[in-house]
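Q: First to last, the protein sequences are chains A and B. Residue numbering for the first sequence follows my numbering, starting at 13 and increasing by one per position. Residue numbering for the second sequence follows my numbering, starting at 13 and increasing by one per position.
Derived from the structure by calculation, the hints contain no laboratory data. Glycine included, C-beta positions come from ideal geometry on N, C-alpha and C. Please note that a few of the clues may not be correct.
[To be verified] Computed, partial: chain B to chain A, Cβ under 10 Å:
(1) Ile-18
(2) Ile-19
(3) Asn-23
(4) Arg-35
(5) Gly-38
(6) Val-54
(7) Leu-103
(8) Asp-194
[What the hints assert, rightly or not] Label pairs and their computed distance ranges (CB to CB):
(9) B:Asn-23 <-> A:Thr-162: 48 to 58 Å
(10) A:Gly-106 <-> B:Thr-186: 14 to 24 Å
(11) A:Thr-162 <-> B:Asp-189: 37 to 47 Å
(12) A:Pro-104 <-> B:Asn-66: 12 to 22 Å
(13) B:Gly-210 <-> A:Gly-303: 46 to 56 Å
(14) B:Pro-165 <-> A:Gln-105: 30 to 40 Å
(15) B:Glu-193 <-> A:Thr-162: 53 to 63 Å
(16) B:Met-13 <-> A:Pro-289: 56 to 66 Å
(17) B:Ser-20 <-> A:Ala-154: 52 to 62 Å
(18) B:Gly-243 <-> A:Pro-104: 53 to 63 Å
Number of protein chains: 2
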Amino acid sequence: MNEREIISLFNGSAGPGGDELVRGIGDDCAVLRLDGDRLWLVTVDTLIESVHFNIDWHPPRKLGRKSVAVNVSDIAAMGGSPRFAFLSLGLPQGFDPPWLEKFSQGLSEACREFGCTLAGGDTVRTVEGVMITLTVIGEVPADQVTYRSTALPGDEIWVSGTLGNAAAGLELCTAGDAGSEDGLLLAESHLNPTPRLGLARRLAGGRLVHAMMDLSDGVATDLSHLCIRSGTGAVIYADLLPVSGPLQRTAGKMGKDCLPWALTGGEDYELLFTAAPGQGGAILRLAEKEGLLTRIGYIDAKSGVRLAEGRPGRQNPPQKDVSFLGYDHFRL
Amino acid sequence: MNEREIISLFNGSAGPGGDELVRGIGDDCAVLRLDGDRLWLVTVDTLIESVHFNIDWHPPRKLGRKSVAVNVSDIAAMGGSPRFAFLSLGLPQGFDPPWLEKFSQGLSEACREFGCTLAGGDTVRTVEGVMITLTVIGEVPADQVTYRSTALPGDEIWVSGTLGNAAAGLELCTAGDAGSEDGLLLAESHLNPTPRLGLARRLAGGRLVHAMMDLSDGVATDLSHLCIRSGTGAVIYADLLPVSGPLQRTAGKMGKDCLPWALTGGEDYELLFTAAPGQGGAILRLAEKEGLLTRIGYIDAKSGVRLAEGRPGRQNPPQKDVSFLGYDHFRL
Numbered sequence: 013m014n015e016r017e018i019i020s021l022f023n024g025s026a027g028p029g030g031d032e033l034v035r036g037i038g039d040d041c042a043v044l045r046l047d048g049d050r051l052w053l054v055t056v057d058t059l060i061e062s063v064h065f066n067i068d069w070h071p072p073r074k075l076g077r078k079s080v081a082v083n084v085s086d087i088a089a090m091g092g093s094p095r096f097a098f099l100s101l102g103l104p105q106g107f108d109p110p111w112l113e114k115f116s117q118g119l120s121e122a123c124r125e126f127g128c129t130l131a132g133g134d135t136v137r138t139v140e141g142v143m144i145t146l147t148v149i150g151e152v153p154a155d156q157v158t159y160r161s162t163a164l165p166g167d168e169i170w171v172s173g174t175l176g177n178a179a180a181g182l183e184l185c186t187a188g189d190a191g192s193e194d195g196l197l198l199a200e201s202h203l204n205p206t207p208r209l210g211l212a213r214r215l216a217g218g219r220l221v222h223a224m225m226d227l228s229d230g231v232a233t234d235l236s237h238l239c240i241r242s243g244t245g246a247v248i249y250a251d252l253l254p255v256s257g258p259l260q261r262t263a264g265k266m267g268k269d270c271l272p273w274a275l276t277g278g279e280d281y282e283l284l285f286t287a288a289p290g291q292g293g294a295i296l297r298l299a300e301k302e303g304l305l306t307r308i309g310y311i312d313a314k315s316g317v318r319l320a321e322g323r324p325g326r327q328n329p330p331q332k333d334v335s336f337l338g339y340d341h342f343r344l
Numbered sequence: 013m014n015e016r017e018i019i020s021l022f023n024g025s026a027g028p029g030g031d032e033l034v035r036g037i038g039d040d041c042a043v044l045r046l047d048g049d050r051l052w053l054v055t056v057d058t059l060i061e062s063v064h065f066n067i068d069w070h071p072p073r074k075l076g077r078k079s080v081a082v083n084v085s086d087i088a089a090m091g092g093s094p095r096f097a098f099l100s101l102g103l104p105q106g107f108d109p110p111w112l113e114k115f116s117q118g119l120s121e122a123c124r125e126f127g128c129t130l131a132g133g134d135t136v137r138t139v140e141g142v143m144i145t146l147t148v149i150g151e152v153p154a155d156q157v158t159y160r161s162t163a164l165p166g167d168e169i170w171v172s173g174t175l176g177n178a179a180a181g182l183e184l185c186t187a188g189d190a191g192s193e194d195g196l197l198l199a200e201s202h203l204n205p206t207p208r209l210g211l212a213r214r215l216a217g218g219r220l221v222h223a224m225m226d227l228s229d230g231v232a233t234d235l236s237h238l239c240i241r242s243g244t245g246a247v248i249y250a251d252l253l254p255v256s257g258p259l260q261r262t263a264g265k266m267g268k269d270c271l272p273w274a275l276t277g278g279e280d281y282e283l284l285f286t287a288a289p290g291q292g293g294a295i296l297r298l299a300e301k302e303g304l305l306t307r308i309g310y311i312d313a314k315s316g317v318r319l320a321e322g323r324p325g326r327q328n329p330p331q332k333d334v335s336f337l338g339y340d341h342f343r344l
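Please model the entire structure based on the sequences and the hints provided.
A: Below, the structure written as structure tokens:
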């Protein structure tokens with residue numbers, strides 16, 4: 013049973029939600045109707061010690077900030093702004109109080125940074141290890157909400173920032189090899205990601221985006237979700253995937269190719285979105301000062317996500333299906 | 013560091029919530045302003061294998077229902093009705109798919125039973141064991157919300173149902189000794205609790221209740237929370253604590269006293285509330301057909317929760333402070 017099959021199991025028995033449930037299971041957030049003009053967005057994410065983070069080298073203040081950031085990224089992906097956070101914190105018997113104080117400090121600093129308030133929660137004991145579940149409620153003007161399911165054949169596919177840094181950073185941290193200047197930068201992508209809240213708000217406000225989501229499990233998997241929900245396929249070009257200088261140099265030193273990191277690496281918390289061709293200039297103007305935006309391919313009416321060699325322009329380049337090649341918690 | 017100190021740590025850094033946060037950390041739910049007439053209630057609860065449940069004898073369908081029930085109990089305690097549920101489910105590598113199907117069935121049956129919709133969530137891998145975090149959003153008419161913090165000196169203290177069944181049931185299950193008719197009934201209180209949703213709605217709608225909360229950590233601890241939030245103290249009478257026939261008979265067979273179970277046993281998910289003296293008749297009429305209600309003592313202007321021997325009427329009965337004698341996850 014993989015992650016999608018588990019989600020389907022619960023989705024099948026979700027039951028009717030009434031008029032106030034605009035969108036249930038299957039997008040970055042659930043969407044609830046608040047009043048005529050505003051929608052509420054609800055997202056839940058769990059981070060588990062030794063699965064999502066290593067307490068030996070993840071500084072507690074950065075972990076507190078990351079717990080908020082990964083949820084804020086889901087709110088941002090739907091065009092919204094975070095408002096309220098709810099923490100369910102599991103701690104083992106004999107946890108370290110100074111660790112908890114630094115974690116709490118990072119979490120509350122992040123709430124202030126992203127404009128939300130810690131409004132409730134729950135504290136429980138675990139058998140082993142720290143477990144962090146954060147629920148975030150955000151809001152979005154009803155005419156600006158962006159879904160995964162509304163990509164159209166012919167759309168151009170865009171990503172923000174660069175891809176693969178967090179996965180490479182995690183690999184370096186795990187190997188105890190993140191000491192170089194490049195290594196520290198990559199590690200920071202894993203330890204302390206920043207969701208693209210401002211950029212997402214500008215994109216949603218500009219109403220040029222057809223479909224949007226955040227990149228948490230690698231573009232191969234996340235774009236597959238977007239395509240399935242939209243009833244489309246996609247082609248992306250290997251040479252268009254944006255890769256950072258630190259990742260290129262690190263891969264070079266290790267004698268590795270950047271592509272697997274960029275294609276399947278999780279936890280980038282960048283934006284993945286589609287827009288009609290011909291809107292590129294307007295989109296780049298909207299994104300001004302918000303960092304790099306790159307077109308990586310296009311949506312089509314076939315099925316699956318296909319990786320084409322090279323870059324556009326070449327006649328019938330070799331393609332291979334890379335659907336769901338990214339991170340899956342339950343695939344061996 | 014105990015549970016209250018951990019909560020204080022996060023409470024201290026929660027930050028301002030704006031006009032829409034009516035009540036933050038410290039009650040059964042956070043309270044958000046939805047529109048003029050309605051408030052939203054948000055609660056989060058986590059159940060962890062080998063801490064909150066034993067997967068060897070907790071049937072998965074009952075565990076699915078209980079995951080919803082414990083959150084619905086928090087919504088009920090504030091006078092509300094559950095609307096939306098969000099599940100964060102942690103599963104170990106190699107979990108049993110038929111187990112998950114039954115769990116999912118119990119969860120969705122409970123959503124239907126209590127009138128809420130599973131609207132989203134998250135699935136993650138754990139290092140070991142199952143971990144269930146449910147966030148439930150409910151609603152309540154703004155003039156019917158009931159808080160912990162509004163008890164008044166002179167109020168009578170009421171509880172619904174009987175106390176201590178779930179704790180005794182857990183003890184029997186753990187010892188593999190729940191096979192008798194009484195044992196099965198007590199075990200059911202632990203395995204498959206039913207929140208007092210209908211009763212709580214009638215009490216809140218009748219507007220006779222001053223303060224209300226649910227009983228999750230034992231009346232000694234829960235009444236201590238209510239008193240601290242209300243700036244009051246309380247006296248409860250040992251002989252007034254309602255105890256079920258099965259618990260009395262089981263305690264008798266074991267040569268034990270019922271009182272420790274009734275006073276400190278967790279997970280009853282009954283209601284604890286206060287009301288002005290003289291409202292007893294009206295309250296009992298409201299609760300008609302909703303089961304037993306019992307007055308167990310009174311609120312005063314002193315501090316702490318004191319247990320008096322016997323029942324009211326005796327001059328200066330011996331008292332002892334039982335504040336926070338109930339369940340605390342982090343006290344050894």
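Q: Take the hints in turn and mark each one as holding or not.
A: Here is what the structure says about each hint:
{"no.": "1", "hint": "Ile-18", "in the structure": "5 Å, holds"}
{"no.": "2", "hint": "Ile-19", "in the structure": "6 Å, holds"}
{"no.": "3", "hint": "Asn-23", "in the structure": "8 Å, holds"}
{"no.": "4", "hint": "Arg-35", "in the structure": "8 Å, holds"}
{"no.": "5", "hint": "Gly-38", "in the structure": "8 Å, holds"}
{"no.": "6", "hint": "Val-54", "in the structure": "6 Å, holds"}
{"no.": "7", "hint": "Leu-103", "in the structure": "7 Å, holds"}
{"no.": "8", "hint": "Asp-194", "in the structure": "30 Å, violated"}
{"no.": "9", "hint": "B:Asn-23 <-> A:Thr-162: 48 to 58 Å", "in the structure": "40 Å, violated"}
{"no.": "10", "hint": "A:Gly-106 <-> B:Thr-186: 14 to 24 Å", "in the structure": "22 Å, holds"}
{"no.": "11", "hint": "A:Thr-162 <-> B:Asp-189: 37 to 47 Å", "in the structure": "58 Å, violated"}
{"no.": "12", "hint": "A:Pro-104 <-> B:Asn-66: 12 to 22 Å", "in the structure": "18 Å, holds"}
{"no.": "13", "hint": "B:Gly-210 <-> A:Gly-303: 46 to 56 Å", "in the structure": "54 Å, holds"}
{"no.": "14", "hint": "B:Pro-165 <-> A:Gln-105: 30 to 40 Å", "in the structure": "38 Å, holds"}
{"no.": "15", "hint": "B:Glu-193 <-> A:Thr-162: 53 to 63 Å", "in the structure": "58 Å, holds"}
{"no.": "16", "hint": "B:Met-13 <-> A:Pro-289: 56 to 66 Å", "in the structure": "57 Å, holds"}
{"no.": "17", "hint": "B:Ser-20 <-> A:Ala-154: 52 to 62 Å", "in the structure": "38 Å, violated"}
{"no.": "18", "hint": "B:Gly-243 <-> A:Pro-104: 53 to 63 Å", "in the structure": "34 Å, violated"}
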